[in-house]
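J.: Each chain is listed here by its residues.
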Amino acid sequence: MLIINHKKIFISISLALVALSLLSIFIFGLRPGIDFTGGALLEVEYEESRPELDAIYAEVSNLDFGNVLIQPTGERGIIIKARALSESEHQELLNALGREDSLTEVSYNSIGPSVGRELTRKAIIAIILVSLSVILFIAFVFRRVSKPVSSWRYGFIAIITLLHDIIIPTGIFAVLANFYGAELDTLFVVALLTILGLSLSDTIVIFDRIRENLADEAEKNKKTEFGLVVGKSIEQSYARSIATSLTVIIVLLALLFFGPESTKHFALMLTAGMTVGTYSSIFLASPLLVWAEELQNKK
Amino acid sequence: MIKRLLTTCALLVLGFGASYYVWKSEPFHLGLDLSGGSHLVYEADTSTVTGDSGDAMEALRDVIERRVNIFGVSEPVVQVQGPGLISGSANQLIVDLPGVTDVDEAVRMIGETPLLEFKIESGIDFTNSIDEEGNITIDPDSLFTPTELTGRYLERAALEFDPTTREPYVSLQFDDEGARLFAEITRDNIGKTVAIYLDGELKSNPVVREAITGGEAVISGGFTPDEARELVKNLNYGALPVPITLISRQTIGATLGEDAIAAGVRAAIIGFIMVCAFLILWYRLPGLVAALALSIFVAIMLALFKLIPVTLTAAGIAGFIISMGIAVDANVLIFERLKEELRIGATIGDAMRVGFTRAWLSIRDSNFSGLIVAMILFWFGTSLIKGFALTLGIGILVSLFTAHTATRVFLSVLDFKESRAMRFLFSSGLGK
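Chains Y and A supply the protein sequences, listed in that same order. Just so we're aligned: the first sequence equals residues 1 to 299 in the working numbering. Just so we're aligned: the second sequence equals residues 300 to 731 in the working numbering.
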């Protein structure tokens with residue numbers, strides 16, 4: 001009951017976190033990688049010593065590829081970012097960087113702008129699809145418990161909770177982007193969608209218990225106040241909720257600290273997302289439900 | 300009771316069998332980011348295709364695949380990605396070449412398959428294009444209009460030498476459909492010129508003397524033997540039915556891939572150990588049983604990966620690791636329920652029964668939402684992402700089996716007498 005009695009406080013905490021995250025996204029910005037914008041990303045490593053960046057820049061500007069970003073990496077490597085290059089342009093660029101035997105090409109990706117646009121479109125559609133399915137799924141599963149709060153409200157509140165769950169990790173990602181140069185790529189979108197799915201499971205655990213208790217009440221013809229029922233449900237299920245999330249977070253931490261380089265940001269996002277997701281199921285979703293019911297009754 | 304014992308034995312055998320299979324069979328299918336390799340995306344220009352563009356894309360796919368196979372790549376993937384209601388992209392061809400990191404060679408080769416076209420006179424009248432000074436501008440390409448007959452109907456090309464002049468020429472043999480088209484074209488154009496274009500260049504324009512029904516044609520004139528040989532080789536590898544441009548290429552170095560695999564396996568093992576430790580420490584006896592069920596889960600999953608087979612990517616390994624966590628989820632739900640029932644004072648047997656039944660609804664609902672996400676991700680992703688969605692989805696389904704069914708059977712087999720010790724073993728946490 002502690003949570004329900006102080007629901008305004010908890011809801012405000014969540015609001016504050018969301019606002020902070022939005023601010024972070026706004027200030028630091030999310031940097032879309034070439035997966036979304038299209039473009040070329042070339043990484044080379046020089047055998048002996050890396051030439052002066054200015055000299056490299058001068059050589060490359062002669063090629064007239066438009067805006068080219070040159071960054072040093074490690075001790076002898078450089079990373080070059082430019083617009084999408086054709087094969088012959090790719091070769092020209094390599095030649096401009098040095099003689100063939102003086103450097104090795106570590107990796108090269110060139111993604112046409114249409115492919116990038118395509119990916120962006122699909123990402124947005126995927127997120128919308130998942131949200132829609134969530135609302136429909138919950139509304140369906142909770143259809144018998146339409147009193148005192150309609151089943152659509154459950155779905156709606158679940159969505160708000162989920163939004164909260166993806167905005168905060170995105171805010172964290174914006175910080176990563178700014179200080180560690182992390183870029184938005186397909187794995188980021190996958191992380192978002194996974195958080196949506198896993199966090200939803202968690203929220204359902206609590207809603208499920210509420211549903212069960214409400215059914216119990218109806219059966220025994222008791223008329224306990226909705227807020228009390230929700231409070232009792234939380235008390236009964238918070239251990240469960242935390243334990244289920246903990247198991248996933250344990251494996252995620254293993255992935256984060258011991259896993260491949262390419263999935264580190266992904267693991268970090270997911271860990272943040274799961275943590276926030278668990279928090280929101282207990283401290284946000286249920287208070288919102290009670291609040292919604294109170295508002296409904298005032299009318 | 301006997302039935303339950305038998306089921307338990309069956310499950311254990313299944314677990315061992317799966318492990319053995321995984322141990323002995325060939326290695327896993329690795330995705331590009333683990334094996335190293337190249338991911339190429341081509342866009343096909345289907346605007347000039349008169350027939351069904353879907354057919355043309357399929358033909359293109361076959362040609363490129365043949366080409367790639369000759370190049371000697373193991374397990375290449377050549378896929379068409381056409382415009383769908385939702386995807387709405389232009390016609391694209393995706394080529395995945397695992398293990399090919401010097402992709403320049405592959406790109407050059409794929410890009411070189413020639414485009415063979417047969418065109419007929421367009422009947423254009425040039426008297427209109429005479430300007431004031433009496434000059435005529437003739438655009439040679441406008442002299443001809445394309446027909447339906449292109450290289451996609453070519454069955455075989457061969458190098459021949461003219462018996463009299465000893466000049467090399469290229470003889471073409473069309474397939475049935477091509478022969479029919481060619482007969483039609485030649486029948487309708489007797490006395491007129493039919494132009495043979497190769498890669499957009501006019502190669503030969505003989506005058507049709509009679510309808511040719513045998514499906515045989517000849518390109519001659521101006522070839523050196525080397526040129527002719529090269530042309531025949533290219534034509535046989537497959538003339539492209541539609542022109543293509545490379546719009547995207549990604550290369551992943553092999554060493555990056557090896558590191559990723561090592562790290563992924565390490566993370567999976569550590570994750571597994573940590574979860575088992577948590578289960579046993581927190582949930583004690585049921586936890587031990589759950590750890591056993593988890594081991595069987597891992598064995599079955601790995602066996603499925605080899606059987607289906609599933610292409611593992613770094614994201615795919617991540618999906619597998621996450622599904623391990625989800626598999627345990629179901630167990631946690633059941634055990635928490637169990638704990639509750641014990642606390643109200645039920646017997647161990649009753650508590651178990653109630654625990655499993657009531658938890659099932661929650662398990663079903665929460666896993667279902669995970670499945671929905673996996674399905675959407677599968678549709679959304681490139682091959683690298685599909686791996687994640689697949690391992691996650693399969694993991695959820697298998698976990699429903701092992702966490703629920705297997706655990707239940709194992710627990711019900713062990714005969715429990717009520718006692719303080721037993722109750723201790725069944726409760727959880729750090730308390731009593």
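Just so you know, the hints here were simulated from the structure itself, not pulled from any lab data. Cβ atoms here follow ideal geometry from the backbone N, Cα and C, with glycine treated the same way. A couple of the hints might just be wrong.
Below, a list of computed lysine-lysine pairs in the DSS-like style, where the Cα atoms sit at most 25 Å apart [to be verified]:
1) 323(A) x 605(A)
2) 685(A) x 264(Y)
3) 605(A) x 232(Y)
Here are the in silico distance ranges between beta carbons for each label pair [stated by the list, open to error]:
4) 69(Y) x 461(A): 35 to 43 Å
5) 69(Y) x 657(A): 51 to 59 Å
6) 482(A) x 63(Y): 46 to 54 Å
7) 656(A) x 143(Y): 17 to 25 Å
8) 232(Y) x 653(A): 15 to 23 Å
9) 459(A) x 101(Y): 32 to 40 Å
10) 374(A) x 86(Y): 24 to 32 Å
11) 504(A) x 71(Y): 33 to 41 Å
12) 461(A) x 101(Y): 42 to 50 Å
13) 71(Y) x 505(A): 52 to 60 Å
14) 294(Y) x 643(A): 53 to 61 Å
J.: Do the Cβ positions of residue 374(A) and residue 86(Y) conform to the proposed distance bound of 24 to 32 Å?
T.: holds, 28 Å
J.: Has the hinted range 32 to 40 Å been met by the Cβ atoms of residue 459(A) and residue 101(Y)?
T.: violated, 45 Å
J.: Measure nothing beyond the straight line between the CA atoms of residue 605(A) and residue 232(Y); if it is 25 Å or shorter, mark the hint as holding.
T.: violated, 47 Å
J.: Tell me if the beta carbons of residue 232(Y) and residue 653(A) are separated by a distance inside 15 to 23 Å.
T.: holds, 18 Å
J.: Could you see if the CB distance from residue 461(A) to residue 101(Y) stays within 42 to 50 Å?
T.: Check passed, 48 Å falls within 42 to 50 Å.
J.: Has the hinted range 35 to 43 Å been met by the Cβ atoms of residue 69(Y) and residue 461(A)?
T.: violated, 58 Å
J.: Look at the Cβ atoms of residue 656(A) and residue 143(Y) and judge whether their distance stays inside 17 to 25 Å.
T.: holds, 22 Å
J.: Hey, residue 685(A) versus residue 264(Y), does the alpha-carbon distance stay inside 25 Å?
T.: Status holds; Cα separation ~19 Å.
J.: Hint says 53 to 61 Å; check whether the CB-CB distance for residue 294(Y) and residue 643(A) agrees.
T.: Distance hint for residue 294(Y), residue 643(A) is violated at roughly 31 Å.
J.: Taking 52 to 60 Å as the hint, is the beta-carbon distance of residue 71(Y) and residue 505(A) inside that range?
T.: Since residue 71(Y) and residue 505(A) have Cβ atoms about 58 Å apart, the given range 52 to 60 Å holds.
J.: Given the proposed pairing of residue 323(A) with residue 605(A), does the C-alpha separation stay at or below 25 Å?
T.: With a Cα-Cα distance of about 11 Å, the restraint between residue 323(A) and residue 605(A) holds, given a limit of 25 Å.
J.: Does the hinted range 51 to 59 Å hold for residue 69(Y) and residue 657(A) at CB?
T.: Hint holds: Cβ distance 58 Å, inside 51 to 59 Å.
When the structure is compared with the earlier hints, violations turn up for hints 3, 4, 9, 11, 14 and for no others.
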